[in-house]
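Mind docking chain B with the ligands on chain A? Use the hints.
Respectively, the protein sequence lines represent chains A and B.
Residues 45 to 269, numbered by the working numbering, are exactly what the first sequence covers, in order.
Residues 45 to 269, numbered by the working numbering, are exactly what the second sequence covers, in order.
Hints may be right or wrong, so weigh each one.
Because identical chains share one entry, a pair is satisfied inside a single copy or across any pair of copies.
Unchecked claim - Taking lysine-lysine pairs in the DSS-like style, the calculated list, with each CA pair at most 25 angstroms apart, reads:
no., residue 1, residue 2
1, K64, K76
2, K148, K64
3, K249, K189
4, K149, K76
5, K64, K114
6, K249, K185
7, K175, K249
8, K149, K205
9, K64, K249
10, K185, K147
11, K249, K148
12, K114, K149
13, K149, K67
Derived by calculation from the structure, the hints in this document are not laboratory data.
There are 2 protein chains.
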Amino acid sequence: MASFVHAGKKIVAIGRNFAKHAKELGNAVPEKPMFFLKPTSSYVQQPGAIEVPEGTTVHHELELGVVIGKTGRNIPQSAANSFISGYVLALDMTARNLQDEAKKKGHPWTVAKGFDTFTPVGDFIPPSKIKDYNNLQLTLKVDGKVTQDGSTSEMIFRIPKLISFVSSVMRLEEGDVILTGTPEGVGPVVPGQIVEGTLADGTTKEPISSFRFPVVGRPAFDSDQ
Amino acid sequence: MASFVHAGKKIVAIGRNFAKHAKELGNAVPEKPMFFLKPTSSYVQQPGAIEVPEGTTVHHELELGVVIGKTGRNIPQSAANSFISGYVLALDMTARNLQDEAKKKGHPWTVAKGFDTFTPVGDFIPPSKIKDYNNLQLTLKVDGKVTQDGSTSEMIFRIPKLISFVSSVMRLEEGDVILTGTPEGVGPVVPGQIVEGTLADGTTKEPISSFRFPVVGRPAFDSDQ
Ligand SMILES: [Mg+2]
Ligand SMILES: [Mg+2]
Ligand SMILES: [Mg+2]
Chain A
45 MASFVHAGKK
55 IVAIGRNFAK
65 HAKELGNAVP
75 EKPMFFLKPT
85 SSYVQQPGAI
95 EVPEGTTVHH
105 ELELGVVIGK
115 TGRNIPQSAA
125 NSFISGYVLA
135 LDMTARNLQD
145 EAKKKGHPWT
155 VAKGFDTFTP
165 VGDFIPPSKI
175 KDYNNLQLTL
185 KVDGKVTQDG
195 STSEMIFRIP
205 KLISFVSSVM
215 RLEEGDVILT
225 GTPEGVGPVV
235 PGQIVEGTLA
245 DGTTKEPISS
255 FRFPVVGRPA
265 FDSDQ
Chain B
45 MASFVHAGKK
55 IVAIGRNFAK
65 HAKELGNAVP
75 EKPMFFLKPT
85 SSYVQQPGAI
95 EVPEGTTVHH
105 ELELGVVIGK
115 TGRNIPQSAA
125 NSFISGYVLA
135 LDMTARNLQD
145 EAKKKGHPWT
155 VAKGFDTFTP
165 VGDFIPPSKI
175 KDYNNLQLTL
185 KVDGKVTQDG
195 STSEMIFRIP
205 KLISFVSSVM
215 RLEEGDVILT
225 GTPEGVGPVV
235 PGQIVEGTLA
245 DGTTKEPISS
255 FRFPVVGRPA
265 FDSDQ
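For reference, chain A alone in the conformation it holds in the complex (with noise of 0.2 angstroms):
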């Protein structure tokens, strides 16, 4: 499913799955994977760039993707690995004040989470140069200086777990992607920064997928057109 950018229909983002992230928003960890919906409308690829909307806080968050290869609904843990196609390193861009309003309100989280370009995205990634998911580096650098350098191996639900439980609520279908959740140092970005994503092979540091997004200025949103 490399053409999951167009042919996908939904990007499901998992919330607090490194306890060290969910601790450095102030979060508790949670009991069961909390997950959330962006749309498909935001995915950018290179040479696009990430646009930060005028009044916005705009956070990286750097995830592994895990693509879908096939529809299935209520997936055992067993067998979630079948229902995978490959991979993606992705970045789940957040507006943090918007969403930080938002949770305290009990609102939705979708505006803060669902801009256009809020989910940058690398190549697809075949499952064969995945040794192993549990054990891969993430490391995001923005203007050269790391921000982010977790392993998937502090993942509190590994991604049979999150494909299960996803699956028990809403059918995962052929293009639909798992943002996994990011690890700890997530931190703004603004208009002339260069965002640079690494996925690492965690034991021999060989890198797997890469990409290098600007960012841009964008205008407010709803300026009551």
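Structure of chain B with the ligands alone, referenced to chain A:
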């Protein structure tokens, strides 16, 4: 875009767009449109059934859906009608107990709104069948008893404003559907019941579209497979 159920990518659902409905749930009337996403995997068409997962209290919310016909971003209200390819009568089924809990905790609404079969829809309605989208009657019966009976004339934010606002955050694409909010009278349905919806012209009372869905049970989600 009569094939929106299979080809569409997102369902954007507006919350609290009818003042009496906002009040019946104890919510403030919003100053701006509030919206969330439902997955397209939640569509169900006749002769399907609405599934109520064990442990959830599932409410019906009868809504007018607007089917988008072409891609647009930052759509001005004055151009909004040209992005409409048609309409659909829909239910925004909601696991109210899960939504209440999510609101209290500041969590996403995704699970509460996103179960399979939580967006029952009728047939695609071409624009020629709707004289004035601000003058339509939405009527819902549960087991033959009317529970919701409201007019689209009561919408706080009208369709052009909704299209403009949503598209200032996220690009709208062919086959996307905007659910425009529900009038007062939402309430629970349980397995064994029959839900019938009708959309009618507000002046002539002529029916434009209708559907009928049985309600069935489904095991609890996340039964730790
Ligand atoms: Mg994230
Ligand atoms: Mg979607
Ligand atoms: Mg609704």
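Hint check:
When the C-alpha separation of K64 and K76 is checked against a cutoff of 25 angstroms, the pair qualifies only within one copy, where the shortest distance is 16 angstroms, while the shortest distance between copies is 35 angstroms. Taking the closest pair of Cα atoms, K148 and K64 come within 25 angstroms of each other both inside a single copy (21 angstroms) and across two copies (23 angstroms). Taking the closest pair of Cα atoms, K249 and K189 come within 25 angstroms of each other only inside a single copy of the chain (18 angstroms); across copies the shortest separation is 65 angstroms, beyond that limit. Proximity of K149 and K76 under a CA criterion of 25 angstroms is satisfied in both settings, with 22 angstroms inside one chain copy and 14 angstroms between copies.
In this assembly of identical chains, the alpha carbons of K64 and K114 never lie at most 25 angstroms apart, being 33 angstroms within a copy and 43 angstroms across copies at closest. Taking the closest pair of Cα atoms, K249 and K185 come within 25 angstroms of each other only inside a single copy of the chain (16 angstroms); across copies the shortest separation is 61 angstroms, beyond that limit. For a Cα distance limit of 25 angstroms, the shortest separation of K175 from K249 inside one copy, 12 angstroms, qualifies, whereas the shortest one across copies, 63 angstroms, does not. In this assembly of identical chains, the alpha carbons of K149 and K205 lie at most 25 angstroms apart only when taken from different copies (23 angstroms versus 30 angstroms within one copy).
Taking the shortest Cα distances, K64 and K249 sit within 25 angstroms of each other inside one copy (22 angstroms), while across copies they are farther apart (59 angstroms). For the identical chains of this complex, K185 and K147 are neighbours neither inside a copy (28 angstroms) nor across copies (34 angstroms), given an alpha-carbon limit of 25 angstroms. In this assembly of identical chains, the alpha carbons of K249 and K148 never lie at most 25 angstroms apart, being 40 angstroms within a copy and 43 angstroms across copies at closest. Taking the closest pair of Cα atoms, K114 and K149 never come within 25 angstroms of each other, the shortest separation being 37 angstroms inside a single copy and 33 angstroms across copies.
In this assembly of identical chains, the alpha carbons of K149 and K67 lie at most 25 angstroms apart whether taken from the same copy (21 angstroms) or from different copies (16 angstroms).
When the structure is compared with the earlier hints, violations turn up for hints 5, 10, 11, 12 and for no others.
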